[in-house]
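Residue numbers (this note's numbering), protein chains in the order written: chain A, 1 to 448; chain B, 1001 to 1381.
Derived from the structure by calculation, the hints contain no laboratory data. Here the structure is a predicted model, which is why all the values come from computation and not from measurement. Take these hints with a grain of salt, some might be off.
Once the Cα atoms are required to be at most 30 Å apart in a straight line, the calculated BS3-like pairs of lysine-lysine come out as [what the hints assert, rightly or not]: (1) Lys1180/B x Lys1315/B; (2) Lys328/A x Lys381/A; (3) Lys150/A x Lys1180/B; (4) Lys98/A x Lys1263/B; (5) Lys1038/B x Lys1315/B; (6) Lys36/A x Lys1284/B; (7) Lys278/A x Lys328/A; (8) Lys1329/B x Lys1263/B; (9) Lys366/A x Lys381/A; (10) Lys1329/B x Lys150/A; (11) Lys1206/B x Lys1381/B; (12) Lys1381/B x Lys150/A; (13) Lys1284/B x Lys1315/B; (14) Lys150/A x Lys1263/B; (15) Lys150/A x Lys136/A; (16) Lys278/A x Lys381/A.
Away from chain B, derived, C-beta distances all over 10 Å, residues of chain A [to be verified]: (17) Val18; (18) Glu35; (19) Ala151; (20) Ala215; (21) Ala246; (22) Ala258; (23) Ala266.
Computed footprint of chain A on chain B, listed as stretches where at least three residues anywhere in the stretch have a Cβ under 8 Å from a Cβ of chain A [claimed, not checked]: (24) 1217-1226; (25) 1358-1371.
Note that beta-carbon positions come from the ideal geometry of N, C-alpha and C, so glycine has one too.
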Amino acid sequence: MPISSRLVINLTIVFLTVGLLALVGIIATTVWLGEKARIYAEEATSARMTRVAAVELRASLQSAESSQRGYLVGGNEIYLAPYDSAKTQAGSQLDRLKSSLSGAPQSARVIERLSGLVTDKIDEMDRTIALKRELKDAEALAIFGGNRGKALMDEANVFLSSIIRTTDERLTDGLAQQRINASWLRWVSIIGGLVIIVVVSGVILTIYRYTREVAQTRDEVQSLNATLEQRVNDRTADLSKARDTAEVLLAEVNHRVANSLAMVSALVSLQSRAMQDKVAQEALKETQARIDAIASVHKRLYSSGDARFVDFDEYLSSLLDNVETAMKGEGHGASLRYDLAALRLKPDTSVNLGVIVTELVTNSFKYAYPDRSGEVRVSLKRLSTSQAELVVEDDGVGRDAGSPPKGTGLGSRIVNAMARTIGAEVEYFVRHPGCGARLAFACPAELG
Amino acid sequence: MAPRGNATRVCLVATSMLLSVMQPRSPEAQEGPAGITKPTVLSPFDPNASSCGRPSGLERVLAFAQDNDRKFMQGVAHGLALAARDRGLEFRIAQANNDPAKMVDQVRTFLDAKVGALVVAPVDPPSIGPVLKQVIWSGAYVGAVVPPPAITVLNAPQYLTGKVLGDEAAEYIRSKLNGKAKVVLLTHDSLQFLAPRFVAIRDSLKAMPGVVIVADISPLTVDEAGGTAMMRTILLAEPDVDVVLGADTVVLGALAALREAGKARPDQFLGGIDGEPAAVGEIKAGGPYKASVSLASPIFSYAMGQHAADWLEGKSIPQAMDILPKALKLDNIASYEADLADPAAVYNNRSRRNEYLRMYGNICFDTRQNFINFPWSSERK
């Protein structure tokens, strides 16, 4: 799937965020474990000091007891050499122990009891040694044999052993916790490192793919650009050929339509000549004139080379010439004069206007000059950039206002209908002499 | 003196007797053979040893010179009475109420009455020893609850007693405490001869690396109050204790201290020696107290009564007998109490008898000069 630049940005942001989080995780874990290590170190130092004090106190008491017993059994003062220093050492270690244990649970009662035991033990040893020095061996041995000294030592040992064991457990637990912490740090570092490697790999892969795709796209664009001109030329040639073909086809169609209309006109003419009834004959001739007007537009279209527009002035002049010729052939004595501005109109507009002009001119030829010759005038001019005006007028007998139309009236209906088709109205006006019709219609400037 | 348990009592008397043996003999003591005075290792008892002559001129009476009326001695009297009934002997009993002189008078009375058999639980071995020898010289059977002289000496193996308790504790620690326990060992410094018990307990536990003996100490007084006081002190140093071992009385005191401190737990193992009724009651209650090592006095006394009857019939009987310690636990108390109620059934079934008794040496009327006159112990090497 192609990678969009947006996707690249989003992926890169995601990867960098994950990598950053992994890095933050490693740093936070390291800081946290470092803090725990510091706490453990303080705890270990405290536990070790307590343990040393307890061990030293026990050793001092044992040393003093050993001296006492050696002296009681042997009576030799040499055994008492370490006695005083052992007692002093026991006192100082007891003080250290008190300091170390202060604040621990139950420590006050333990210290109180332990202090009492140490004091009693030293008193018992001092008393037996004093009795021995006073040569009261029996009394000294009686105290010794009463096991009081052993009982005191045993009880002190319960406390000292407990303290030593407790501190050992604290040290062991702390060490185990440190091992666990180290393991945590190792795993967090490994996992975090792997995450960062994955993230960096992801970013590199994404950028690599994106870069490769950009390069591929650039190559494809360059390749397309290289053939584009040729393809445009080909396409232009194809279009030109297609257009020519279409124009030929359109001209052919117009040609055929014109021929067909000419054939229809000829058939109508034949029909007209075959008719006995003058009225019918006349109607068919009018129809033929209308068909000729339409056919003339198609003739113009296939002969002009531009099927979109008709040079209306040229078309209209040709049409008027044909009408005049036809009217004069029927015996009408009027003459036709026209003044046509150059206009280009759409074929439909041209057809409608052609039929309208044919109707009006034919009408004037037929009815304006019943008993004399006269002139029928047709003018075409542009009124503005968007409008043009067609006027047909004569100097004939005219027509009274409100009088019925002469003939069948079909011509007037056709004129009005076709005028509405192109969005115009026919205005009839009276002249003295004669009458006329004016038609203003839309005519865009670009068509003029 | 602080009250002592049955097994303790048995050994205390033995030590006292050792002292009596070492004292100069009175002229009266020179009237007959001195018996075996040099510590000797006895071979196992041979039940098929040949018979010899019967004592003559003696009454078919089994007498019991009882030191006091404690429960252990009541059991001895019960066993002797049953044996006398079963063997057609007349049973007589005289209680000295811990009065040595009275006991001497009572034994002399039995001697004068020509009783055929005498079982004695000496109040004071040195004072009663000479009279007992006269009874032996008269041809009568003398069975002694521990201290010599006697035709048959009854003893309790101290090391084995401690070992039974230690092994029970070790097994409990192994199976219920995952091999880890803080142990309190309440010893008895004032009675040196009991030291093997505690050696045995330490031997049972020392092979377990998870066991820590947090206190190995003797209470100032070996009784319930002493146990309570010592346990209070220990709890100061070690608030959490898993196992407490010692004599029943001190362990009962320790249990009181644990309860007082709110440190008694059902998963603890408290075990004692002596089969004290209060300890048995605690075991039955199913709390921290899990075992008490007991000596079945009706069973060994029933055996002594049987031996007395055999003696009068000229049969060979043991010179010494161990009453084997039995650990009473919740699951065996009922059967143990049933055995105590019917010692004859135990004695007449060899395998059941061997669970309680182990016999050594052979002696009969014709070889009575080989009576035991030293503090015998099967554990002596």
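Against the structure, the hints come out as follows:
no.: 1; hint: Lys1180/B x Lys1315/B; verdict: 53 Å, violated
no.: 2; hint: Lys328/A x Lys381/A; verdict: 26 Å, holds
no.: 3; hint: Lys150/A x Lys1180/B; verdict: 28 Å, holds
no.: 4; hint: Lys98/A x Lys1263/B; verdict: 26 Å, holds
no.: 5; hint: Lys1038/B x Lys1315/B; verdict: 25 Å, holds
no.: 6; hint: Lys36/A x Lys1284/B; verdict: 50 Å, violated
no.: 7; hint: Lys278/A x Lys328/A; verdict: 17 Å, holds
no.: 8; hint: Lys1329/B x Lys1263/B; verdict: 22 Å, holds
no.: 9; hint: Lys366/A x Lys381/A; verdict: 25 Å, holds
no.: 10; hint: Lys1329/B x Lys150/A; verdict: 34 Å, violated
no.: 11; hint: Lys1206/B x Lys1381/B; verdict: 22 Å, holds
no.: 12; hint: Lys1381/B x Lys150/A; verdict: 29 Å, holds
no.: 13; hint: Lys1284/B x Lys1315/B; verdict: 42 Å, violated
no.: 14; hint: Lys150/A x Lys1263/B; verdict: 28 Å, holds
no.: 15; hint: Lys150/A x Lys136/A; verdict: 21 Å, holds
no.: 16; hint: Lys278/A x Lys381/A; verdict: 37 Å, violated
no.: 17; hint: Val18; verdict: 44 Å, holds
no.: 18; hint: Glu35; verdict: 30 Å, holds
no.: 19; hint: Ala151; verdict: 6 Å, violated
no.: 20; hint: Ala215; verdict: 68 Å, holds
no.: 21; hint: Ala246; verdict: 102 Å, holds
no.: 22; hint: Ala258; verdict: 118 Å, holds
no.: 23; hint: Ala266; verdict: 127 Å, holds
no.: 24; hint: 1217-1226; verdict: holds (count 3)
no.: 25; hint: 1358-1371; verdict: violated (count 0)
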